[in-house]
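As they're listed, the protein sequences go chains A and B.
Here the first sequence is numbered in the working numbering, starting from 1 and rising by one per residue.
Here the second sequence is numbered in the working numbering, starting from 1001 and rising by one per residue.
It is worth saying that the hints were derived from the structure and are not from the lab.
Remember, it's a predicted structure, so these values are computed and weren't measured experimentally.
Just so you know, not all the hints are guaranteed correct.
To be verified - The calculated lysine to any residue pairs, modelled on SDA-like cross-linking and capped at a C-alpha distance of 20 Å, are:
{"#": "1", "chain 1": "A", "residue 1": "57", "chain 2": "B", "residue 2": "1003"}
{"#": "2", "chain 1": "B", "residue 1": "1101", "chain 2": "A", "residue 2": "59"}
{"#": "3", "chain 1": "A", "residue 1": "3", "chain 2": "B", "residue 2": "1037"}
{"#": "4", "chain 1": "A", "residue 1": "3", "chain 2": "B", "residue 2": "1042"}
{"#": "5", "chain 1": "B", "residue 1": "1061", "chain 2": "B", "residue 2": "1003"}
{"#": "6", "chain 1": "B", "residue 1": "1101", "chain 2": "A", "residue 2": "82"}
{"#": "7", "chain 1": "B", "residue 1": "1101", "chain 2": "B", "residue 2": "1061"}
{"#": "8", "chain 1": "B", "residue 1": "1101", "chain 2": "A", "residue 2": "19"}
{"#": "9", "chain 1": "B", "residue 1": "1061", "chain 2": "A", "residue 2": "59"}
{"#": "10", "chain 1": "B", "residue 1": "1101", "chain 2": "A", "residue 2": "67"}
{"#": "11", "chain 1": "B", "residue 1": "1101", "chain 2": "A", "residue 2": "56"}
To be verified - Covered stretches of chain A (chain B as the covering partner; in silico rule of three or more C-beta atoms under 8 Å from a C-beta of chain B):
{"#": "12", "segment": "16 to 25"}
{"#": "13", "segment": "44 to 52"}
Cβ atoms here follow ideal geometry from the backbone N, Cα and C, with glycine treated the same way.
Read off the chains here:
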Amino acid sequence: DVKVTQSSRYLVKRTGEKVFLECVQDMDHENMFWYRQDPGLGLRLIYFSYDVKMKEKGDIPEGYSVSREKKERFSLILESASTNQTSMYLCASNSARTESSYNSPLHFGNGTRLTVT
Amino acid sequence: AQSVTQPDIHITVSEGASLELRCNYSYGATPYLFWYVQSPGQGLQLLLKYFSGDTLVQGIKGFEAEFKRSQSSFNLRKPSVHWSDAAEYFCAVVPLGGYNKLIFGAGTRLAVHP
């Protein structure tokens, strides 16, 4: 069974801190994604990566960066946390080796609820 | 503007009643369409998807969805709801040429009365 593990379930940080959110998947998936989830807004894509050291901006990349040094790990970085980054963060992955990536469902982690005070 | 709309923020049904959750999209061409479910404290799980072909799609947990091109809709249905179906449901699309970038609706939170 595919497992996407997010290192922290809850995180509380102060404004201006550098924050790392870690995500690891165990299915050798090429694609990995970071979303943030806010009430009334659904999920919005922050960044995604389709290979080691490759990344592309999603819809709301401002204030975030990512790192993918190993295939199984995808990190989301808040360089200087702000209160408007208080949210639920969801990591996901899927395979690019099927006939079409659309046929490979996204597998989600359980989320990290980040509070910035 | 391109968007995915779930008009109902909250829905409450009685256990055993039928359910329909609405989803509309606005894109020039028919995108790929998905429904995901998020149980409390969990990540999202894929219920079903539509790419082409038969417009009535069967999914897991007894759910189905019907694609209606004329209405730009992809509504989720279940004939008899169970208490364990209480969760948040998200409609999502991948626009043609959108690679893997799922665009989600705002979600519908379902409550089930015993």
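A quick look at each hint next to the structure:
1. 57/A x 1003/B: holds (19 Å)
2. 1101/B x 59/A: Given pair residue 1101/B, residue 59/A holds - Cα atoms ~9 Å apart, limit 20 Å.
3. 3/A x 1037/B: It holds: about 17 Å lies between the C-alpha atoms, which stays within 20 Å.
4. 3/A x 1042/B: holds (13 Å)
5. 1061/B x 1003/B: Violated, at about 27 Å.
6. 1101/B x 82/A: violated (26 Å)
7. 1101/B x 1061/B: Violated, because 25 Å separates the two Cα atoms, which is more than 20 Å.
8. 1101/B x 19/A: violated (25 Å)
9. 1061/B x 59/A: violated (31 Å)
10. 1101/B x 67/A: holds (18 Å)
11. 1101/B x 56/A: Holds. Residue 1101/B to residue 56/A sits at ~10 Å (cutoff 20 Å).
12. 16 to 25: violated (count 0)
13. 44 to 52: holds (count 4)
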